[in-house]
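*Asks:* The chain contents come next:
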Amino acid sequence: MRAATAPVREIALVDTPEILSSPVGRIIEEHHNDRNDLIAMLLDIQDAMGFLPRFAMEHVATSLEIPITEVYGIATFFKYFRLKPPGEHQCTVCTGTACHVRGAARVLREFERHLGIRSGEVTDDREYGLETVNCVGACALGPIVLLDGDYQGQVTASKVPTLLRRLKRSAEKKPVAARSEAAA
Amino acid sequence: MSTESVTLTIDGSRMEVEIGTSLLEAARMAGIEIPTLCHMEGLSSYGACRLCAVEIGPPDKAKVVSSCTYPCEEGLQVRTHTPRIVNARKLLLELMVSSTPSSKTIQDLAAAHGVTQQRFRPENEDCILCGLCVRMCKEQMMAGAIDFAGRGPDRRITTPFEEDSEQCRHCGGCMYVCPVCMLRCAGPAADSTLCGGCLIACQMPVNTAKIA
Ligand code: FES
Ligand code: FES
Numbered sequence: 202m203r204a205a206t207a208p209v210r211e212i213a214l215v216d217t218p219e220i221l222s223s224p225v226g227r228i229i230e231e232h233h234n235d236r237n238d239l240i241a242m243l244l245d246i247q248d249a250m251g252f253l254p255r256f257a258m259e260h261v262a263t264s265l266e267i268p269i270t271e272v273y274g275i276a277t278f279f280k281y282f283r284l285k286p287p288g289e290h291q292c293t294v295c296t297g298t299a300c301h302v303r304g305a306a307r308v309l310r311e312f313e314r315h316l317g318i319r320s321g322e323v324t325d326d327r328e329y330g331l332e333t334v335n336c337v338g339a340c341a342l343g344p345i346v347l348l349d350g351d352y353q354g355q356v357t358a359s360k361v362p363t364l365l366r367r368l369k370r371s372a373e374k375k376p377v378a379a380r381s382e383a384a385a
Numbered sequence: 095m096s097t098e099s100v101t102l103t104i105d106g107s108r109m110e111v112e113i114g115t116s117l118l119e120a121a122r123m124a125g126i127e128i129p130t131l132c133h134m135e136g137l138s139s140y141g142a143c144r145l146c147a148v149e150i151g152p153p154d155k156a157k158v159v160s161s162c163t164y165p166c167e168e169g170l171q172v173r174t175h176t177p178r179i180v181n182a183r184k185l186l187l188e189l190m191v192s193s194t195p196s197s198k199t200i201q202d203l204a205a206a207h208g209v210t211q212q213r214f215r216p217e218n219e220d221c222i223l224c225g226l227c228v229r230m231c232k233e234q235m236m237a238g239a240i241d242f243a244g245r246g247p248d249r250r251i252t253t254p255f256e257e258d259s260e261q262c263r264h265c266g267g268c269m270y271v272c273p274v275c276m277l278r279c280a281g282p283a284a285d286s287t288l289c290g291g292c293l294i295a296c297q298m299p300v301n302t303a304k305i306a
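Respectively, the protein sequence lines represent chains B and C. Per the numbering used here, residue 202 is the first one in the first sequence, and the count goes up by one each step. Per the numbering used here, residue 95 is the first one in the second sequence, and the count goes up by one each step.
Derived by calculation from the structure, the hints in this document are not laboratory data. All C-beta atoms, glycine included, are put in the ideal place defined by N, C-alpha and C. A couple of the hints might just be wrong.
Examples of chain B residues lying across from chain C (beta carbon under 10 Å, computed) [to be verified]:
1. 219
2. 250
3. 252
4. 255
5. 262
6. 267
7. 269
8. 270
9. 272
10. 273
11. 274
12. 276
13. 277
14. 283
15. 335
16. 337
Using the sequences and the accompanying hints, generate a full structural model.
*Replies:* Structure representation (structure tokens):
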């Protein structure tokens, strides 16, 4: 697969349909193709597309004339950036220090068990994604879990099934149990 | 004193240097040896290893800074070998030996600085994240094929998307500067991770800067 692809620079310079139909070009322009706006650009791209696709990062690197390593380094440094498409519903477990000492690890394990995926993964049906962050700024209410961006405080392992059920109900989809069995 | 230069005191001796000179460069000009690991002439300073730590300011309010990244300031007092600094370097080296016991460069530095104990669990890593290879690739080879990725415990040196890089010309510059890749310490069957064997056995002159 490697050998078949042309050098990165050339790929991105050609406006592939992928790039033309995505907001990447527009976003880069909005930031005046300015290297100092790199993080802001990546944020906008992620907001628009849900994650940072590889072609988008390559396109950014080419148009800013910086090595792709730089973009990749930033995209992997910040927890906020996602390199893979997220699930339809994103469960985010805070594993920051405060939440950690209040048992975030147990909560995370419970999520992993129920969803049948590990942190950083998405269920096979793309329905649920699980990820961790380091502190979301609500330490006093820890352990914190974000369900589709909604803050849930003082989560314990035993509350996880209820939370997932509520998440599912709000989405009116099939039961979680059946889904995770299907995924497993 | 012209506006282009600053006067400072390093280990008691006054000297005048050009603005923008780092403390490390100034000390070396004065013939004062400061150990370094992540610094190399021709590459930008990065301040990763902290081995080049020095004390600045009045003794009662001394601050420890990395001399390779700290620019000379007017009237600054710098001390390069106070007990506090010597101890800090020893501890750093002890930690580095425990993370990469196979690096001869680090073993030699540790031996030269009198590290005689090993209190940490050896990790046998093959990278200390000094960033020399990254800067070599970017600044000297103009390739930018590798860089840091990830954060915290996940931090690593890698190519974009963990695949072979199109930018890499296989020049080997990264391995040439690496303190862990280049000189593997086989160890004279040392009974601990701390070796120091070369220093004693071969009476090899250990240069605290780069050992080529
Ligand atoms: S550590 Fe979880 S919110 Fe701060
Ligand atoms: S040489 Fe200054 S921090 Fe490594």
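*Asks:* Can you verify the interface hint for residue 277 of chain B: is its Cβ closer than 10 Å to any Cβ in chain C?
*Replies:* Holds: closest Cβ of chain C sits about 4 Å from residue 277 of chain B, inside 10 Å.
*Asks:* Report holds or violated for the interface hint on residue 273 of chain B, using the least CB-CB distance to chain C and a cut-off of 10 Å.
*Replies:* Residue 273 of chain B check passes; min Cβ-Cβ to chain C is 4 Å, inside 10 Å.
*Asks:* Holds or violated: the hint that residue 270 of chain B contacts chain C, with Cβ atoms closer than 10 Å.
*Replies:* holds, 4 Å
*Asks:* Mind checking the CB of residue 252 of chain B against every CB in chain C and telling me if the closest is under 10 Å?
*Replies:* Residue 252 of chain B check fails; min Cβ-Cβ to chain C is 14 Å, beyond 10 Å.
*Asks:* Would the stated hint for residue 274 of chain B survive a check requiring a Cβ distance to chain C of less than 10 Å?
*Replies:* holds, 5 Å
*Asks:* Under 10 Å, Cβ to Cβ, is where residue 272 of chain B needs to be relative to chain C, so tell me if that hint holds or is violated.
*Replies:* This interface hint holds because 8 Å falls under the 10 Å limit.
*Asks:* Is the shortest C-beta separation between residue 335 of chain B and chain C less than 10 Å?
*Replies:* This interface hint holds because 8 Å falls under the 10 Å limit.
*Asks:* Was the hint right that residue 255 of chain B lines chain C, CB cutoff 10 Å?
*Replies:* This interface hint holds because 6 Å falls under the 10 Å limit.
*Asks:* Checking hints one by one. Is residue 267 of chain B an interface residue toward chain C, by the C-beta closer than 10 Å rule?
*Replies:* Cβ of residue 267 of chain B sits 8 Å from chain C, so the hint holds.
*Asks:* Interface hint check: residue 283 of chain B, Cβ to nearest Cβ on chain C, cutoff 10 Å. Holds or violated?
*Replies:* It is violated, given that the least Cβ distance between residue 283 of chain B and chain C is near 14 Å, above 10 Å.
*Asks:* Less than 10 Å between beta-carbons is the criterion; does residue 269 of chain B satisfy it with respect to chain C?
*Replies:* Residue 269 of chain B check passes; min Cβ-Cβ to chain C is 4 Å, inside 10 Å.
*Asks:* Any CB of chain C closer than 10 Å to the CB of residue 250 of chain B?
*Replies:* violated, 17 Å
In the structure shown, a violation is registered for the earlier hints numbered 1, 2, 3, 14, 16, in ascending order.
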